[in-house]
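The task is simple: from the sequences and hints, build the whole structure.
So the protein lines, in turn, are chains A and B.
To convert, note that position 28 of the first sequence is 28 in the UniProt record's numbering; the numbers rise steadily by one, no gaps.
To convert, note that position 18 of the second sequence is 18 in the UniProt record's numbering; the numbers rise steadily by one, no gaps.
By construction, these hints were calculated from the structure, which means they are not laboratory data.
Hints may contain errors.
Note: identical chains are not told apart, hence a pair may lie in one copy or across any two.
Unchecked claim - With a Cα cut of at most 25 angstroms, we get these calculated DMTMM-like pairs of lysine to aspartate or glutamate:
id: 1; residue 1: K214; residue 2: E242
id: 2; residue 1: K198; residue 2: E242
id: 3; residue 1: K198; residue 2: E52
id: 4; residue 1: K24; residue 2: E115
id: 5; residue 1: K26; residue 2: D219
id: 6; residue 1: K210; residue 2: D33
Protein chains: 2
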Amino acid sequence: MTTATIVTAAMLAIGDELLSGRTKDKNIGHLADMLTMVGIDLREVRIVADDEEAIVDAVNALRGRYDHVFTSGGIGPTHDDITADAVSRAFGVECIHDPEAMALLGAMYERRGMEFTDARRRMARMPVGATHISNPVSTAPGFRIANVYVMAGVPQVFQAMLDSLLPSLQTGTPVLSCTVRSPYGEGDIGGPLAEVQKKHPETSIGSYPKFDGKTFSTDIVIRAREAAVLAAAEADVVAMIETIARSR
Amino acid sequence: MTTATIVTAAMLAIGDELLSGRTKDKNIGHLADMLTMVGIDLREVRIVADDEEAIVDAVNALRGRYDHVFTSGGIGPTHDDITADAVSRAFGVECIHDPEAMALLGAMYERRGMEFTDARRRMARMPVGATHISNPVSTAPGFRIANVYVMAGVPQVFQAMLDSLLPSLQTGTPVLSCTVRSPYGEGDIGGPLAEVQKKHPETSIGSYPKFDGKTFSTDIVIRAREAAVLAAAEADVVAMIETIARSR
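Given below as structure tokens:
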């Protein structure tokens, strides 16, 4: 028997546009996929507006509760980009123009022959003591302070920053999963499936209805941290479906 | 001068599959669009797992803070559908097989010649005192208790339930918005745009970078509850972009 290491995480997506419907978030699903792959359990997501109070409250609630907290959005150069201020306040430290980030951005704009405006300088702001999360797409770095990782909202940049960040994080035992497709709706399989779940307490069995406009079918997803445990539950789910088929 | 009515809301999306990445949520964006249209301000979204404690905590945190709380997911017939139990516990009331819902479902399965299994009976469960949110897609109702509206996770069903529910809710003064497209990145417009925001404090001006793989442009979204206020800010944003264009 092996001991699984459980590492937990939360995500905080920041932006009025996500709450007005103007922008449909793409970062939550991507983060979920990536964390599942490396063995970090995403336990909670919150979306809040560009509102300092709301961001501070959420950061403080989540950073105490989970091993890792990932944020997206609000680190650009405009007045509504207030994530660096809010995260600084959450940690009770000053928000400064980070010298290394200033040098990085200054050199980039000089190379491109563009003015290093006050607005662009805003992108170098981060809490005292933060370290960079590199941004190969558009240079302006994200940052990490303690267990909080602050990244951009633009999906291409969020994804690039996450790729830079992930290899440096503590990860756990990845969750293995398999999907058994059931031609029967949840109402037909619900009773026997609950029995299978009871028999395999070390797995988590989820049941996801699919609706094609006329009838329901079900995807049964089994998750476990050990291959043998997963295989035993899978066999019982398949046997359960065969039993239902024979009874029709 | 008119007085705007502000009505606030939160959403709680429930389901392991949203946090593992298996399912990419489609209900948050749809709810955001619909609420914006009718004049309800969506202020916060949370996603939690199929975990009773997590659901209870989130429901209680949100229902005290916002006028309306919309939930999605966890009301099907299987063992991992525990939203009715959790919401009942959040309100400190018993979770029962609602007699009206039992009659509705019983009749439907009889009509279809299908067995009304124990699993299917689970879909009639709701807190004592809850009223139905009708489900024209697949019959099994959602429910409302106080300011909490419990709906299905399957997008077609969530949308149908929301359509049933919305006309009965208290709504506010809708937010009007317009978008001005800027060919310049946020770094070029950030300074002057902050000035425009300062000059128009009754508007909320958001700036959304777009990245085509090579260069950034910006969508500037202005939001206000009065048409004249919106138009005045829009004119200043357009003038600002013209000034930048002339300076090049």
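Status of the hints after comparison with the structure:
1. Only within a single protomer do K214 and E242 lie at most 25 angstroms apart by alpha-carbon distance; the minimum there is 23 angstroms, versus 54 angstroms between protomers.
2. For the homomeric pair K198 and E242, the shortest alpha-carbon distance inside one copy (19 angstroms) is at most 25 angstroms, but the shortest distance between copies (67 angstroms) is not.
3. In the homo-oligomer, the alpha carbons of K198 and E52 lie at most 25 angstroms apart only across protomers (17 angstroms), although the nearest pairing inside one protomer, at 45 angstroms, exceeds that limit.
4. Taking the shortest alpha-carbon separations for K24 and E115, neither the intra-copy value of 32 angstroms nor the inter-copy value of 40 angstroms comes in at or below 25 angstroms.
5. Proximity of K26 and D219 under a CA criterion of 25 angstroms is satisfied in both settings, with 23 angstroms inside one chain copy and 18 angstroms between copies.
6. Both within a single protomer and between protomers do K210 and D33 lie at most 25 angstroms apart by alpha-carbon distance, with minima of 20 angstroms and 24 angstroms respectively.
Of the numbered hints stated above, the single one contradicted by the structure is hint 4.
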